[in-house]
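Undergrad: Spelled out from the first residue to the last, the chains are:
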Amino acid sequence: MTMQNAAGGPALSNENFVRRFVRAAEIDTRMIGMLVALLVIWVGFDVISGFLRPGGSGVFGGSFLTSRNLWILLVQTSTIAVMTTGMVLVIVLRQIDLSVGSMLSVVAVATGVLQVFYLGPLLGVGHPAIWIIAVVFAIALGAAIGLFNGALIAYGQIPSFIVTLGGLIAYSGGAFLIASGVTVAPMDKTFKLIGGNGPLASIGPNWSWALGAAGCVVIILAIIAGRRQRIRFKFAPKPIWAEILSAVVGCAAVLGTTAVVNSYLWPAKVAERFALENNIPIPPGVEDRAGLAICMAGDKVVTCAEGLSFQTGYPIPVLITLAVGILMTFLARRTRFGRYVFATGGNPEAAELAGVNTKRLTVMVFTLMGALVGVSAVIASARLDAATTALGTLNELYVIAAAVIGGTSLAGGVGTIYGAIVGALLMQSLQSGMALLNVDSAYTNIVVGIVLVLAVFVDQAYRRRVK
Amino acid sequence: MKLKLLTLLAGAVLVSVAPTAVLAAGKTIAVSWKTFQEERWKTDEAAIKAVVEAAGDTYLSTDAQGSAQKQAADIESLISQKPDVILVVAFDSDAILPSIQKINDAGIKSIAYDVQFEDPNALYITFDNVGVGRIMAQEMLKVKPEGRYAFIKGDKGDPNATFLFQGMMEVLKADIDGGKIQNVCETFTDGWKPDNAQKNMEQCLTSTNNGVDAVLSENDGMASGVVAALDAQGLAGTVPVTGQDGDLAAINRVALGTQLVSVWKNSVDLGTVAAKAALALADGVDPTTIEGVSKFNGGKNGVEMNAILLAPTPITKDNIQVAIDAGHITKEAACAGVAAGSVAACN
Chain D
1 MTMQNAAGGP
11 ALSNENFVRR
21 FVRAAEIDTR
31 MIGMLVALLV
41 IWVGFDVISG
51 FLRPGGSGVF
61 GGSFLTSRNL
71 WILLVQTSTI
81 AVMTTGMVLV
91 IVLRQIDLSV
101 GSMLSVVAVA
111 TGVLQVFYLG
121 PLLGVGHPAI
131 WIIAVVFAIA
141 LGAAIGLFNG
151 ALIAYGQIPS
161 FIVTLGGLIA
171 YSGGAFLIAS
181 GVTVAPMDKT
191 FKLIGGNGPL
201 ASIGPNWSWA
211 LGAAGCVVII
221 LAIIAGRRQR
231 IRFKFAPKPI
241 WAEILSAVVG
251 CAAVLGTTAV
261 VNSYLWPAKV
271 AERFALENNI
281 PIPPGVEDRA
291 GLAICMAGDK
301 VVTCAEGLSF
311 QTGYPIPVLI
321 TLAVGILMTF
331 LARRTRFGRY
341 VFATGGNPEA
351 AELAGVNTKR
361 LTVMVFTLMG
371 ALVGVSAVIA
381 SARLDAATTA
391 LGTLNELYVI
401 AAAVIGGTSL
411 AGGVGTIYGA
421 IVGALLMQSL
431 QSGMALLNVD
441 SAYTNIVVGI
451 VLVLAVFVDQ
461 AYRRRVK
Chain V
1 MKLKLLTLLA
11 GAVLVSVAPT
21 AVLAAGKTIA
31 VSWKTFQEER
41 WKTDEAAIKA
51 VVEAAGDTYL
61 STDAQGSAQK
71 QAADIESLIS
81 QKPDVILVVA
91 FDSDAILPSI
101 QKINDAGIKS
111 IAYDVQFEDP
121 NALYITFDNV
131 GVGRIMAQEM
141 LKVKPEGRYA
151 FIKGDKGDPN
161 ATFLFQGMME
171 VLKADIDGGK
181 IQNVCETFTD
191 GWKPDNAQKN
201 MEQCLTSTNN
211 GVDAVLSEND
221 GMASGVVAAL
231 DAQGLAGTVP
241 VTGQDGDLAA
251 INRVALGTQL
261 VSVWKNSVDL
271 GTVAAKAALA
281 LADGVDPTTI
291 EGVSKFNGGK
301 NGVEMNAILL
311 APTPITKDNI
321 QVAIDAGHIT
331 KEAACAGVAA
341 GSVAACN
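Protein chains in written order, with the working numbering: chain D, 1 to 467; chain V, 1 to 347.
Because the hints were derived from the structure by calculation, they are not lab data.
Hints may be right or wrong, so weigh each one.
From the derived model, a few chain D residues whose C-beta atoms are all more than 12 Å from chain V [what the hints assert, rightly or not]:
{"no.": "1", "residue": "33"}
{"no.": "2", "residue": "43"}
{"no.": "3", "residue": "140"}
{"no.": "4", "residue": "257"}
{"no.": "5", "residue": "330"}
{"no.": "6", "residue": "332"}
{"no.": "7", "residue": "347"}
{"no.": "8", "residue": "355"}
{"no.": "9", "residue": "356"}
{"no.": "10", "residue": "457"}
{"no.": "11", "residue": "461"}
A few chain D positions that, by computed beta-carbon distances, are all more than 12 Å from chain V [to be verified]:
{"no.": "12", "residue": "22"}
{"no.": "13", "residue": "133"}
{"no.": "14", "residue": "137"}
{"no.": "15", "residue": "168"}
{"no.": "16", "residue": "204"}
{"no.": "17", "residue": "278"}
{"no.": "18", "residue": "309"}
{"no.": "19", "residue": "354"}
List of simulated lysine-lysine pairs, BS3-like, C-alpha gap at most 30 Å [said to hold, decoys possible]:
{"no.": "20", "chain 1": "D", "residue 1": "269", "chain 2": "V", "residue 2": "144"}
{"no.": "21", "chain 1": "V", "residue 1": "27", "chain 2": "V", "residue 2": "295"}
{"no.": "22", "chain 1": "D", "residue 1": "189", "chain 2": "V", "residue 2": "317"}
{"no.": "23", "chain 1": "V", "residue 1": "82", "chain 2": "V", "residue 2": "27"}
{"no.": "24", "chain 1": "V", "residue 1": "317", "chain 2": "D", "residue 2": "269"}
{"no.": "25", "chain 1": "V", "residue 1": "265", "chain 2": "V", "residue 2": "173"}
{"no.": "26", "chain 1": "V", "residue 1": "331", "chain 2": "D", "residue 2": "189"}
We put the beta carbon where it would ideally sit given N, CA and C, even for glycine.
Using the sequences and the accompanying hints, generate a full structural model.
TA: Here you go:
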């Protein structure tokens, strides 16, 4: 996408500087294209929102590129992002799962009923074991439903489209019956934190910096290890400047994100309540001419709770998403299971002849998808602080769209986990941004639909060109 | 024998309370339900059955299971059993019209129960939907006579979302024009989904930098999302939120103080009124003389019908007892987590 109009042949000497640079550093140009698109969208929304409602604290004077909005955006993306990592493997395997939204509904409602109607009265409301039992139950139930889907597809030889289309319809009925359509609320106190609704559901600035630093160290170690591996197996290593560049860019991204989530200060009311509950002295207020209580920070006038500045840090669901993303990337790229999935997706017959048990593999991939739906169900119901049948409706479409925007090919065999997560972030950015501008949701749907088709179109054109 | 006499007597007392009803047993009241998939219809049915059987009359019913075709067949089979009145909860208010014509041709009276179909011969009984919006706005005005209002509307494809908003605007228009109330956010919510409402509210709070004093959410499900978004900013309980449906979780929020009001359409009331009206029609009473009947022409095609529009009940902190007394919610569920002494109904 960032290609110049160079129609030159493959001879390396004919390449211009940009191409040489990209090739030497082994940059995924597709990914760069997506990140550029993301940046354009973010800047665009900030500029427009600043124009419509001046005085925002965003980078361009709007309200989109503020630490607060970006923090919320990351949380809003989590549910879809977690599921889309599983959908990548499903689609790579040349299958589809249309039932994830309804599955989320069933798992969320069942987990809600378990903790509110059973565990609460049994163990006492607020018992520390409740959230653990609920999370384990949700993941297990999701995996069980996924296993059932997978078994029907692999051993029942029914196309996955049909099995999961049936599931889409049937599971939503199941979700209704479990609680006869009633909203189950409120969730357990600790369980609620998993949803990342509000600053209390985050790990705080110190842990966030520690995590950022650790992430940075891991990136550097990974680059060094990768270089050693290449040398050991007599592969041409990347030029040393490219290695350093990746380390610097990687670290900058991790630490930059950490700085952003840390710079989101607790909302005034939350800080105030926390201070009162924990006997933290609130800076003395004075009344200004209008009779409003204001506080002084040195000689600067701030609102009283700004005097209490608590940094927020990484929200818990975002950490879960990152952990799932890393784990799934590891599974896909570094394990036999992952290689079999990609091999089978690329050419099922060849993989089967080579001795891959494709049926078992299908069951495993769908079970994994189900478990991830369980994780998402926990995040979604914890965030809403309620479990309703409506949770998850239409999520299957967003999950599939995120995977596809992220470069997963419906023809199978091709796809990346990180691409799909960025795809989810891109879609959520569009939705949140348009909601921020108070745009009618009808237009938002039109834009998201167009972006989906456009992304695939550009991707196809790009792939043809690379070939 | 004694018991039967007693129920008959009780029925006589009940019916004689209704001013227009004449005591005559042996009538048959039939209902064609559109579905029992939604929990509420069972409540409606129990209420209707109670009134009809207390009067010593017969109750018949069919369930269309969410199919317009099955409902047409259901109505034919009901007609063949020659009831005096058929109440219809239409699954599809247009597709039902030929069946209503058959009811008319058989000389049977019809009632459009909760869902309107436009037939001038039928009596339409429902809750006043525009009124729900009006009540929400009125309750909000009591606590926030001026300030920055956010409107979280329902699904754009559902005419009720617009009816509700119209009702709100009838009440607020003057204050908005006069500048006392500012409309800072106004969004439709796809599918009335709570999680979408939560996202919309989050974006509203971000764009206004928490500059919202009141939120008019069009139902309780969305209110749960709105309250979660407010909670994240420490504003739950200080910014009042409206809702409707009398969701159990919403009544609990009202008791906790994080939601101002849940406008509740008591299905028992609707069923009772409809059953009494049906008995009156069966006795040949002129529909225009039944209590509460007025002319209604607010439907799609503007057909004028006799209608009973019931006023819904706003449930606030002060009258949660009403919902508890009606058996709609248990005291435990309504008062879960409520600090002692803060709500009268929870003491």
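Undergrad: Against each hint, give a clear statement of whether it holds in the structure.
TA: Each hint, compared with the structure:
Its beta-carbon lying about 27 Å from the closest one in chain V, residue 33 of chain D satisfies the requirement of being farther than 12 Å from that chain. A cut-off of 12 Å between C-beta atoms confirms that residue 43 of chain D is not in contact with chain V; the least separation is 17 Å. The claim that residue 140 of chain D is not at the interface with chain V holds, since no C-beta of that chain comes within 12 Å of its own (minimum 23 Å). Once the 12 Å rule is applied to beta carbons, residue 257 of chain D is consistent with being away from chain V; the minimum gap is 19 Å.
A cut-off of 12 Å between C-beta atoms confirms that residue 330 of chain D is not in contact with chain V; the least separation is 30 Å. Non-interface status of residue 332 of chain D relative to chain V is upheld: no Cβ of that chain comes within 12 Å, the nearest being about 29 Å off. With a closest Cβ-Cβ approach of about 40 Å to chain V, residue 347 of chain D is found to remain outside the 12 Å limit, as its non-interface label requires. Chain V leaves residue 355 of chain D outside its interface by the beta-carbon criterion, the shortest separation being 45 Å against a cut-off of 12 Å.
Every Cβ of chain V is farther than 12 Å from the Cβ of residue 356 of chain D; the closest lies at roughly 39 Å, confirming the non-interface assignment. No Cβ of chain V approaches the Cβ of residue 457 of chain D within 12 Å, the least distance being about 26 Å, so the stated non-interface status holds. Interface exclusion of residue 461 of chain D from chain V stands, the closest Cβ pair being 32 Å apart, more than 12 Å. Every C-beta of chain V lies more than 12 Å from that of residue 22 of chain D, the closest at about 37 Å, which supports listing it as non-interface.
Every CB of chain V is more than 12 Å from the CB of residue 133 of chain D (nearest about 20 Å), matching its label as outside the interface. The beta carbon of residue 137 of chain D is kept farther than 12 Å from every beta carbon of chain V, the shortest such distance being approximately 21 Å. The beta carbon of residue 168 of chain D is kept farther than 12 Å from every beta carbon of chain V, the shortest such distance being approximately 15 Å. Residue 204 of chain D, annotated as away from the interface, keeps every beta carbon of chain V farther than 12 Å; the closest lies near 16 Å.
The beta carbon of residue 278 of chain D sits about 14 Å from the closest Cβ of chain V, which is more than 12 Å, so the claim that it is off the interface holds. Separation of residue 309 of chain D from chain V is adequate, the least Cβ-Cβ distance of about 14 Å exceeding the 12 Å criterion. With 12 Å as the threshold on Cβ separation, the claim that residue 354 of chain D sits away from chain V holds: the shortest Cβ distance comes to roughly 44 Å. The straight-line distance between the Cα atoms of residue 269 of chain D and residue 144 of chain V is roughly 19 Å, inside the 30 Å bound, and the hint therefore holds.
With a CA separation close to 27 Å, the supplied pair residue 27 of chain V and residue 295 of chain V stays within the 30 Å bound. Of the pairs offered as hints, the one joining residue 189 of chain D and residue 317 of chain V holds, with about 24 Å between alpha carbons and a cut-off of 30 Å not exceeded. Using a Cα cut-off of 30 Å, the hinted pair residue 82 of chain V and residue 27 of chain V holds, with the two alpha carbons roughly 10 Å apart. Only pairs whose Cα atoms come within 30 Å are accepted, and residue 317 of chain V paired with residue 269 of chain D is accepted, the gap being roughly 23 Å.
Restraint check for residue 265 of chain V and residue 173 of chain V: the C-alpha separation of about 25 Å stays at or below 30 Å, so the hint holds. Distance restraint check for residue 331 of chain V and residue 189 of chain D: the Cα-Cα separation of roughly 22 Å lies within the 30 Å cut-off, and the hinted pair is therefore satisfied.
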